[in-house]
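Could you build all of it, start to finish, from the sequences and the hints given here?
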Amino acid sequence: MKGLWDFSKDLKIKTRVRSAILRWYRRNRRDLPWRRTGDPYRILVSEVMLQQTQVSRVLQKYPLFLKRFPTLTKLAKSSRADVIRAWRGMGYNNRAVRLRQLAGTVSENFDGQIPASIDKLMSLPGIGRYTAHAVACFAFDHRVPVVDTNIQRVLGRLFNNRKENVWHIAARILPKKHTYEWNQALMEFGAVICTARAPRCGECPVRRECPSAFRAEIRTSLKNTNEPGRYGVPNRIYRGKVVEILRSMNGRKSISSSAVVRGLIPRFSKKDHRWFTKLLEGLRRDGLISMKKQASGYLLSLPNS
1 MKGLWDFSKD
11 LKIKTRVRSA
21 ILRWYRRNRR
31 DLPWRRTGDP
41 YRILVSEVML
51 QQTQVSRVLQ
61 KYPLFLKRFP
71 TLTKLAKSSR
81 ADVIRAWRGM
91 GYNNRAVRLR
101 QLAGTVSENF
111 DGQIPASIDK
121 LMSLPGIGRY
131 TAHAVACFAF
141 DHRVPVVDTN
151 IQRVLGRLFN
161 NRKENVWHIA
171 ARILPKKHTY
181 EWNQALMEFG
191 AVICTARAPR
201 CGECPVRREC
211 PSAFRAEIRT
221 SLKNTNEPGR
231 YGVPNRIYRG
241 KVVEILRSMN
251 GRKSISSSAV
261 VRGLIPRFSK
271 KDHRWFTKLL
281 EGLRRDGLIS
291 MKKQASGYLL
301 SLPNS
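Sequential numbering of the sequence shown, starting at 1, is according to my numbering.
No lab work stands behind these hints, which were simulated from the structure alone.
You may find that some hints are simply not true.
Cβ-Cβ distance ranges computed for the label pairs, FRET-style [as the list claims (entries may be wrong)]: (1) 92 / 171: 24 to 30 Å; (2) 92 / 164: 26 to 32 Å; (3) 33 / 116: 19 to 25 Å; (4) 119 / 235: 31 to 37 Å; (5) 27 / 110: 36 to 42 Å; (6) 111 / 215: 51 to 57 Å; (7) 254 / 30: 39 to 45 Å; (8) 67 / 249: 44 to 50 Å; (9) 254 / 91: 22 to 28 Å; (10) 110 / 236: 27 to 33 Å; (11) 27 / 263: 46 to 52 Å; (12) 23 / 111: 37 to 43 Å; (13) 229 / 111: 40 to 46 Å; (14) 229 / 19: 47 to 53 Å.
Because the structure is a prediction, the values reported are computed rather than measured.
Glycine included, C-beta positions come from ideal geometry on N, C-alpha and C.
This is the structure we're talking about:
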């Protein structure tokens, strides 16, 4: 049956698919700044920024962040407040705090040099399997598989096999040479052709080998994750708004929690007090805000340490 093949058993198809995707990539790849550098720090920053953030947004913020923190040492010596301010517009502010923490760890434990090994990379704050493999491949040219959401989708459709771990598949089809280019090609292919909601099968160079061609599942709605929140708004949105208020104080050192919450929920009542306090405590634990107790609540500010 069409597409039900095993890369490891059919060398001709394996070679044909890889060649077709690489040819497509060489003709259509986007000119992205992190593809023009071999600097491990700059590649790491791009990978952290690209987590759950659109490329178009990262293209705007990436050069500004690097201008503010051009080296890992500069980032390590900065305050959390400075990094959080520089992260403005990116969302998921925890990433900024973890990136600064990572810079400090590398400065203290690795002589300021980002390690090349997967194990050492994964020991760093905020670095998971994907980011460790991406940095190892894209910064140090290691022959390792890389699996992000796009690659997972491409390989899942090509193999049409939900039983085998996608990392195992990625490792089995990894070429002996040009690993960097292959991993980038798969990511680009998933972002542009083999997309989640509207795959462009008519333009796909491997549609004859793909069992999912013209039959790929098209997502029309997001899953209900029952994300905790208040008045129909997820907590993560409130968290981001609190940080943004503190980031926009224009020289003021602190602001009362009551003033902050009035900007979030105009009809704030006593029953909301416990929820809001827990929200603030979560932000404090994550290193995103500082809280100082006062008679009527808290004084809030960005952390200066």
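Hint-by-hint comparison with the structure:
Residue 92 and residue 171 have their C-beta atoms about 29 Å apart, which keeps the hinted 24 to 30 Å range intact. Take residue 92 and residue 164: their Cβ atoms lie about 31 Å apart, and the range 26 to 32 Å holds. Between residue 33 and residue 116 the beta carbon distance is about 22 Å. The supplied range of 19 to 25 Å therefore holds. About 34 Å separates the C-beta atoms of residue 119 and residue 235, a value consistent with the hinted range of 31 to 37 Å.
The hinted range of 36 to 42 Å is satisfied by residue 27 and residue 110, whose Cβ atoms lie roughly 39 Å apart. Between residue 111 and residue 215, the C-beta spacing of about 53 Å keeps the proposed range 51 to 57 Å intact. The beta-carbon spacing between residue 254 and residue 30, approximately 43 Å, falls within the hinted interval of 39 to 45 Å. Here the CB-CB span from residue 67 to residue 249 is close to 23 Å, at odds with the stated 44 to 50 Å.
The hint said 22 to 28 Å for the Cβ distance between residue 254 and residue 91, and at roughly 24 Å that hint holds. Roughly 32 Å separates the CB atoms of residue 110 and residue 236, a value that falls within the hinted 27 to 33 Å. Hint check: residue 27 to residue 263, Cβ distance near 49 Å, so the stated range 46 to 52 Å holds. Checking the proposed 37 to 43 Å range against residue 23 and residue 111 shows it holds: the Cβ atoms sit about 42 Å from each other.
Taking 40 to 46 Å as the suggested C-beta distance range, the pair residue 229 and residue 111 conforms, at roughly 44 Å. The hinted window of 47 to 53 Å between residue 229 and residue 19 holds, with their beta carbons roughly 48 Å apart.
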